[in-house]
Amino acid sequence: MYDVVIIGAGPAGLSAAIACRESDLNVIVIDEFPKAGGRLLGQLHQEPNGEWWNGIKETQLLLDKATELHTEIKCEVSAHHIEHLEKGYAIHTSIGILVTANLLIATGAAETAAPIPGWTLPGVMSIGAAQVMTNVHRVRVGNKGIVVGVNVLSAAIARELQIAGIELHSMALPVSNPVTQNHANPKKVMEGLVRIAHLAPSAFLRFGSKFAKAEWVRNTAVRFYPKGGVKMWGMPIHIRKAITQINGTEKVESVTMCDLTPDGKVIKGSDKIIPVDFVCIAGGLYPLTELASVAGCPFQYIEELGGHVPIHNELMETPVKGIYVAGNITGIESAKVAREQGTLAGYSIAKNKTKTLQALNDVKSTRASASIQFHPEIVEGRNKVHTAFKTYVDNL
Amino acid sequence: MTQNRIMDHPVLGTLKDLKQVTFSFDGKTYTGFEGDTIASALLANGIRQLRLHEETGAPRAIYCNIGHCFECRVTVNEVQGIRACMTPIKDNLSIESGKLQAAPFKAPPNEWPRTYAEFEEQNKEAKNGESHV
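Protein chains in written order, with this note's numbering: chain A, 112 to 507; chain B, 69 to 201.
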């Protein structure tokens with residue numbers, strides 16, 4: 112019987128394992144992917160201070176520490192069910208049942224689909240898929256592509272593709288449909304774009320971001336958005352153009368691009384065919400929560416956190432005894448925050464009060480100084496989920 | 069196999085000490101590198117299409133590349149439904165793409181064949197490989 116089973120060997124899971132091993136707990140970390148590191152592995156960006164954030168190196172640092180502490184990490188293991196025992200849990204996995212007193216679910220996030228006609232053709236992939244192929248496997252996803260969906264994640268990964276020498280035509284919105292909704296609305300997208308302006312060498316965006324707190328400024332920016340797009344690292348970003356269709360028979364051959372009104376309506380007759388051999392769809396991230404749901408954790412929908420999240424308190428405990436959560440399953444934030452949350456969850460499981468308090472402060476200060484924010488009201492979202500925890504526990 | 073490789077990367081450096089592995093996909097022999105998944109080894113060889121949709125025959129490939137969407141399922145050493153994006157490539161793996169399946173029950177129930185002879189009669193015009201055969 113384990114003291115702790117950790118599902119997910121990303122930044123949250125690995126840091127939690129390290130904190131648990133420091134307290135000499137009997138721990139196993141499992142992950143489906145052949146390599147530990149989760150989505151941290153693919154990350155590569157330049158911080159505002161000029162330093163590179165290299166996910167492979169950051170993962171190695173965590174792995175070295177975990178190895179030093181003799182942590183059991185098993186990759187290529189899938190967990191598919193969690194059963195409540197009289198004491199603890201039985202985790203059903205592809206290598207059999209793991210019995211444990213505590214469970215930490217650190218499964219991270221997945222990408223929201225932004226489907227448009229033709230999206231099942233070979234050559235269409237999520238933006239994260241392209242990131243893993245490029246930075247982890249070092250395989251070119253194509254010769255010339257286009258990014259559909261303009262948000263924090265897609266801008267960061269588009270830059271990574273560029274660095275690797277892969278040509279991108281531009282970034283544009285998906286055509287509006289019942290699924291794409293906000294991703295297809297130029298005004299909503301503008302809100303997101305100004306938040307990442309400080310990371311990009313674009314005078315238009317940097318200028319815009321200074322005033323963009325006011326809605327009328329954003330709306331004006333959308334109305335007078337340059338026809339040729341705003342360039343970030345030399346690549347045009349269009350929020351008044353949408354991809355209406357991906358064309359090809361056996362694989363991607365081109366996309367159809369149309370102009371949009373400021374409200375996101377397609378302007379008839381503005382179609383243009385753009386030859387590409389790959390398309391990256393970017394609908395943003397949502398917490399990957401199936402296992403918490405199977406385990407019976409209560410949920411709440413919190414927009415600021417990226418979707419439905421398992422209710423938990425500041426110490427990463429869910430109301431289900433012995434089940435903890437950390438990382439993007441608790442809300443979409445950067446890998447640095449996930450890492451600190453993992454440490455916090457680890458000390459919390461080990462019942463180390465002093466270190467738990469220290470880790471709690473580290474989570475907050477890391478959040479406050481994050482260079483990439485997926486949602487401007489993240490702190491508000493965090494408060495909502497903690498309040499939900501209190502309300503839930505009080506009503507038990 | 070290196071045609072689609074990013075051998076030199078300005079930040080991540082140059083790939084070195086790579087161990088080659090040999091595998092087959094639909095009967096043809098290819099090489100990949102240790103550390104590749106089936107999906108990345110195939111894409112490095114310029115192969116995107118991993119399967120045909122079982123019912124419609126539409127071509128499919130990776131979508132999420134993190135094991136969530138199951139769009140990349142292939143048959144590996146005769147085991148069906150293996151995710152190409154989550155499975156490491158190994159020497160001598162025999163990989164088969166997903167094929168179009170017969171769909172005799174696609175028609176409304178009153179048109180279903182009651183005997184095999186009726187099934188054959190209904191499909192005598194269909195060509196080999198079409199979904200009603």
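One or more of the hints may lead you astray.
Unchecked claim - Straight-line C-alpha distance at most 16 Å; calculated EDC-like pairs for lysine to aspartate or glutamate:
| no. | chain 1 | residue 1 | chain 2 | residue 2 |
| --- | --- | --- | --- | --- |
| 1 | B | 96 | B | 159 |
| 2 | B | 167 | A | 361 |
| 3 | A | 501 | A | 425 |
| 4 | B | 167 | B | 123 |
| 5 | A | 495 | A | 415 |
| 6 | B | 158 | A | 473 |
| 7 | A | 146 | B | 102 |
| 8 | A | 447 | A | 135 |
| 9 | A | 447 | A | 414 |
Since the hints were made in silico from the structure, they are not lab data.
- Compare the structure with the hints numbered earlier in the document and write down the numbers of the violated ones, lowest to highest. Result: hints 6, 8 and 9 break, sorted rising.
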